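Enquirer: Chains as they are written, first to last, in the working numbering: chain V, 1 to 355; chain C, 1 to 577.
Treat the hints as calculated values from the structure; they're not laboratory data. Because the structure is a prediction, the values reported are computed rather than measured. We put the CB at the ideal spot given by N, CA and C, even for glycine. You may find that some hints are simply not true.
[Said to hold, decoys possible] Here are the in silico distance ranges between beta carbons for each label pair:
#, chain 1, residue 1, chain 2, residue 2, range
1, V, 45, C, 21, 31 to 37 angstroms
2, C, 465, V, 45, 28 to 34 angstroms
3, C, 208, V, 33, 52 to 58 angstroms
4, C, 117, V, 203, 42 to 48 angstroms
5, C, 326, V, 227, 42 to 48 angstroms
6, C, 465, V, 25, 14 to 20 angstroms
7, V, 170, C, 121, 40 to 46 angstroms
8, V, 64, C, 465, 58 to 64 angstroms
9, C, 398, V, 25, 24 to 30 angstroms
10, C, 208, V, 241, 31 to 37 angstroms
11, V, 291, C, 395, 57 to 63 angstroms
12, C, 388, V, 25, 42 to 48 angstroms
[As the list claims (entries may be wrong)] The calculated lysine-lysine pairs, modelled on DSS-like cross-linking and capped at a C-alpha distance of 27 angstroms, are:
#, chain 1, residue 1, chain 2, residue 2
13, C, 461, V, 181
14, C, 540, C, 339
15, V, 238, C, 461
[Said to hold, decoys possible] Rough simulated footprint, nothing fancy, chain C against chain V, three-plus residues with beta-carbon under 8 angstroms:
#, segment
16, 108–114
17, 262–268
So the chains spell out like this:
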Amino acid sequence: MTTPTQSPATALASVASARSQGVWRAAWARYRRDRVGMTCLAIVALYLGLILAVAAGWVAADWQAEKGLSYAPPHFVGAAAKAAGPSAAASTAQAPMVDLSDVDPLAPRYAEWAARAAQLQTTEAPRQATLPFGADRLGRDVLDKAIQGSQVSIQVGVLGALFATLIGTVLGAFSGFFGGKVGDALEWLYNVFTSIPSILLIFAFAAVTGRGVGSVVLILGLTGWTGIYRLVRAEFMKHAVREYVRSAEAIGASVWSRMFRHILPNASHVVLVQLSIHVVSFIKYEVILSYLGLGVSVDQVSWGTMLAEAQSELILGHWWQLVAATGFMAVFVTAFSLMTDALRDALDPKLRGLE
Amino acid sequence: MSANVQAPLLSVENLQVAFRMGREGGVLQRSLAVGRDGTGVSFAVPENSTVALVGESGSGKTVTAMSIPRLLPDNAEPSGRVVFQGRDLLGATPAELRALRGREVACVFQDPMGSLNPVFPVGAQIAEPLVLHLGLSRRAARARAEALLEEVGLPEPRRRLDAYPHELSGGQQQRVMIAMALACEPKLLIADEPTTALDVTIQRQILELLADLKQRRRMSMLFISHDLGVVGEIADQVVVMRHGQVREQGPVAQIFAAPQDAYTRALLACRPRLDHHPRRLTVIDDHIAAEAAAAAGEAAAAATAPDVRDAAAPVVLEVRGLAKSFFLREGLFGRREFKAVQDVNFQLRRGHTLGVVGESGSGKTTMGLTLLRLHEPTAGEVIFDGRDLLALQGTERQALRQRIQIVFQNPYASLNPRFTIGQTLLEPMRIHAVGADDAEREARALALLQRVGLDASAFGKYPHEFSGGQRQRIAIARALTLSPQVLILDEAVSALDVSVQAQVLNLLRDLQDELGLAYVFISHDLAVVRFISDEVLVMKDGRVVERAGAADLLAAPREEYTRRLLGAVPRGWQAAV
Chain V
1 MTTPTQSPAT
11 ALASVASARS
21 QGVWRAAWAR
31 YRRDRVGMTC
41 LAIVALYLGL
51 ILAVAAGWVA
61 ADWQAEKGLS
71 YAPPHFVGAA
81 AKAAGPSAAA
91 STAQAPMVDL
101 SDVDPLAPRY
111 AEWAARAAQL
121 QTTEAPRQAT
131 LPFGADRLGR
141 DVLDKAIQGS
151 QVSIQVGVLG
161 ALFATLIGTV
171 LGAFSGFFGG
181 KVGDALEWLY
191 NVFTSIPSIL
201 LIFAFAAVTG
211 RGVGSVVLIL
221 GLTGWTGIYR
231 LVRAEFMKHA
241 VREYVRSAEA
251 IGASVWSRMF
261 RHILPNASHV
271 VLVQLSIHVV
281 SFIKYEVILS
291 YLGLGVSVDQ
301 VSWGTMLAEA
311 QSELILGHWW
321 QLVAATGFMA
331 VFVTAFSLMT
341 DALRDALDPK
351 LRGLE
Chain C
1 MSANVQAPLL
11 SVENLQVAFR
21 MGREGGVLQR
31 SLAVGRDGTG
41 VSFAVPENST
51 VALVGESGSG
61 KTVTAMSIPR
71 LLPDNAEPSG
81 RVVFQGRDLL
91 GATPAELRAL
101 RGREVACVFQ
111 DPMGSLNPVF
121 PVGAQIAEPL
131 VLHLGLSRRA
141 ARARAEALLE
151 EVGLPEPRRR
161 LDAYPHELSG
171 GQQQRVMIAM
181 ALACEPKLLI
191 ADEPTTALDV
201 TIQRQILELL
211 ADLKQRRRMS
221 MLFISHDLGV
231 VGEIADQVVV
241 MRHGQVREQG
251 PVAQIFAAPQ
261 DAYTRALLAC
271 RPRLDHHPRR
281 LTVIDDHIAA
291 EAAAAAGEAA
301 AAATAPDVRD
311 AAAPVVLEVR
321 GLAKSFFLRE
331 GLFGRREFKA
341 VQDVNFQLRR
351 GHTLGVVGES
361 GSGKTTMGLT
371 LLRLHEPTAG
381 EVIFDGRDLL
391 ALQGTERQAL
401 RQRIQIVFQN
411 PYASLNPRFT
421 IGQTLLEPMR
431 IHAVGADDAE
441 REARALALLQ
451 RVGLDASAFG
461 KYPHEFSGGQ
471 RQRIAIARAL
481 TLSPQVLILD
491 EAVSALDVSV
501 QAQVLNLLRD
511 LQDELGLAYV
521 FISHDLAVVR
531 FISDEVLVMK
541 DGRVVERAGA
551 ADLLAAPREE
561 YTRRLLGAVP
571 RGWQAAV
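Please model the complete structure; the sequences and the hints are all you need to start from.
Expert: Structure representation (structure tokens):
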């Protein structure tokens, strides 16, 4: 009963002319035409490549090595700026000396000790006066730290935000689509989560999960979904009664298909904007957590820990650690936000042909 | 001053409105909404008379009217002259315009619910222009508001002053809007489709009210409508617009009795009428083409073709005692039953059409959705192919579901904006495994597109790239992908322009003849129902009050309610004589 009723010749001719494009494939085709979006995608990809390289130990593996003098300035500033400090210390050491060798009972043994000391001498590399982007208090390379730190920070930011968005979207979709008892139960859960001050909630989760990158991702995901849930729920409530969803039901589309094939692409702009907002805020949250000693462990570095250190350094005039951390963060966060914006536009077929 | 008496209240001279559409390659793009080829729109509104602007959507009638008080979007650039009482309004300063709006020129819009502020009581909203323009005190303004509400025929005006918009019905809201417009006794009332969102009976009341007020207040009215039937009843002068140009203007009698322009004639011909029952409706382009070819004889032959229906066709759908109740929460634990549909019975034969008419809130849409189980029914049986649809579960239900399909009213909302037309058409076939593979399904989808009058290039496009009529065709094609036997058309042509409506109605008729489809045609428009239906159910408050053959029902309605509905249908100029 379902045999097609048209002549095969016309059908074949037209099938060739109009291939069905999936939502995502069509979106990718539109995305590729967005120059800003493509640039930002390249930048984000670069960061991800950097993280992989760090994880593999190719870049910045020796970030803990104390290569330079304490607070060595960047190359482009030059050692001159730094010279004032150590030279002052040297001048006190060069005070006129008094020869005590006549009265010193240990004088005969100095030569022997010097010989023994020469045998034990470690080959400590000479500390450099300047480093590519300066050094921190211990003389570690700030650039290496920032690169190493990007691994932790981006992991925390992106994975945490993805996790939170996933929870928020799925719960919001169920609550908004079904309403009724399901909605009431999820609203109750939402109310419980939002009634506790967020920092307290984070502490509670941190106390259970302990320290480390994985824990921070888990904590931020489990506490940060509420706002997304609320917005996605509203979108689903709005769309669930729209006629196109009714039409989908009339043709027999399953609940799952209606929720995630029909409604979700129409609510994707909310989800994407929330995702990029949360990436930024989670990178900042990691700073707070690390500062409070609940974040990453002491032998790890993140942009957050760098910023925490930079606070005290800034007073001494050593600005490079702050600039390195914020620079890396700003470029990533901006590129990521613009990328999600471009993605949102690409997913909206109404904008096709307007660019 | 004697010249002033002769001069019209408002004259629009060579008005053109362009919209800036952003820059493209450094060049400012403009789109002309009113006026074409250097010729703008010109017409005049004399004192104490009603001028109607008629045209289909996109004809520029609203933009023209809104240029008068300059209620245009920021990117509009009007040019020409709009002379109101000797002043050119296009050159007026914002302050002068503000003093004019509401005071001299007042507007009533289409959607009363959207035009009233939902968080203020209506009394305060009527009083606002009185305080603003006339400098009345709050107390005096309130008293005046009460008088105005009484004048527009709202019962218990004192109590209504404190009512919020949502507590009033659509007709009452529109009365409040009119009261607001009249508050400062304007010389000119611009009514932009004031009755389009209302039921026929309410429309009748509002039209009578407007005509009466115009008489009493001795004001002029610029009445904008797409409905020639309405225009014929209310207007003194008619201006017919198409594509931003005036096609024809003149006294109402001349426009209706001896239209000069081919478009006007086509517009008059393509509207289904109660007193005339053609086999097919004429479509504007056909009509103009036919006139050009002077093939009047052929058209007449087509119009009088007899309606053939096989009265003994097998029954495909039988409904017995269908009921649907909604429960409203009341108090802490209580709930109140609201009977949206009660005890509906009917039989639908193959190839036949059952029309369902009623005012909004009569339960006709709920009834349609319940048939499909988009609402779970409270009671009753829907027998389809000898089996009760409502008792089926799981796969059996899914299998039968494809045999009854629905087309919704709003073609802008019923297609998923993120799906291409191809995806929209393939999805139902994939769900029900119609066709062996995607290639076969695609071929079938393309054939259906062709059948509803769209070409294959539509396949890869998105819904927003189509007009309302085209979208409704796509929605019909989607319903047909599953080869249904019954199609529920829920106000399927109500949102369309008359000419497009005629095309879609003809398409539905052709499909019915070709595929033997049975329709349940839900509509508030009796003329359309008369055109397409064999049998008609009249619903009121969830009950069927009358059930009869379409011709019998119109010729001899038994129920008072049906007579009222029929009496309210605008019949154009002839009936008004």
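Enquirer: Against this structure, judge whether each hint is valid.
Expert: Status of the hints after comparison with the structure:
1. Between residue 45/V and residue 21/C the beta carbon distance is about 36 angstroms. The supplied range of 31 to 37 angstroms therefore holds.
2. For the pair residue 465/C and residue 45/V, the beta carbons lie near 33 angstroms from each other, so the given range of 28 to 34 angstroms is met.
3. One distance hint, 52 to 58 angstroms for the beta-carbon pair residue 208/C and residue 33/V, holds here, with the actual separation near 57 angstroms.
4. Between residue 117/C and residue 203/V the CB atoms are about 46 angstroms apart, so this pair conforms to the stated range of 42 to 48 angstroms.
5. As the Cβ distance of residue 326/C to residue 227/V is approximately 33 angstroms, the hint placing it in 42 to 48 angstroms is violated.
6. Checked against the given bound of 14 to 20 angstroms, the beta carbons of residue 465/C and residue 25/V, roughly 18 angstroms apart, stay inside it.
7. In this structure the supplied range 40 to 46 angstroms holds for residue 170/V paired with residue 121/C, their Cβ-Cβ distance being about 43 angstroms.
8. Judged by the Cβ atoms, the range 58 to 64 angstroms given for residue 64/V and residue 465/C holds: they are separated by roughly 59 angstroms.
9. For residue 398/C and residue 25/V, the Cβ-Cβ distance of about 29 angstroms falls inside the hinted range of 24 to 30 angstroms, so the restraint holds.
10. Our hint of 31 to 37 angstroms for residue 208/C and residue 241/V holds, since their Cβ atoms are close to 36 angstroms apart.
11. Judged by the Cβ atoms, the range 57 to 63 angstroms given for residue 291/V and residue 395/C holds: they are separated by roughly 59 angstroms.
12. Distance hint for residue 388/C and residue 25/V: a CB-CB separation of about 43 angstroms, consistent with the stated range 42 to 48 angstroms.
13. Annotation: proposed proximity of residue 461/C to residue 181/V is violated, straight-line Cα distance about 39 angstroms (limit 27 angstroms).
14. The hinted pair formed by residue 540/C and residue 339/C meets the criterion: a straight-line CA distance of about 12 angstroms does not exceed 27 angstroms.
15. Restraint check for residue 238/V and residue 461/C: satisfied, since their Cα atoms lie roughly 25 angstroms apart, inside the 27 angstroms limit.
16. Coverage of the segment 108–114 of chain V by chain C is violated in this model, with 0 residues showing a Cβ closer than 8 angstroms to a Cβ of that chain against a need of three.
17. Given a C-beta distance limit of less than 8 angstroms, the hint that chain C covers the segment 262–268 of chain V holds, as 3 residues qualify and 3 suffice.
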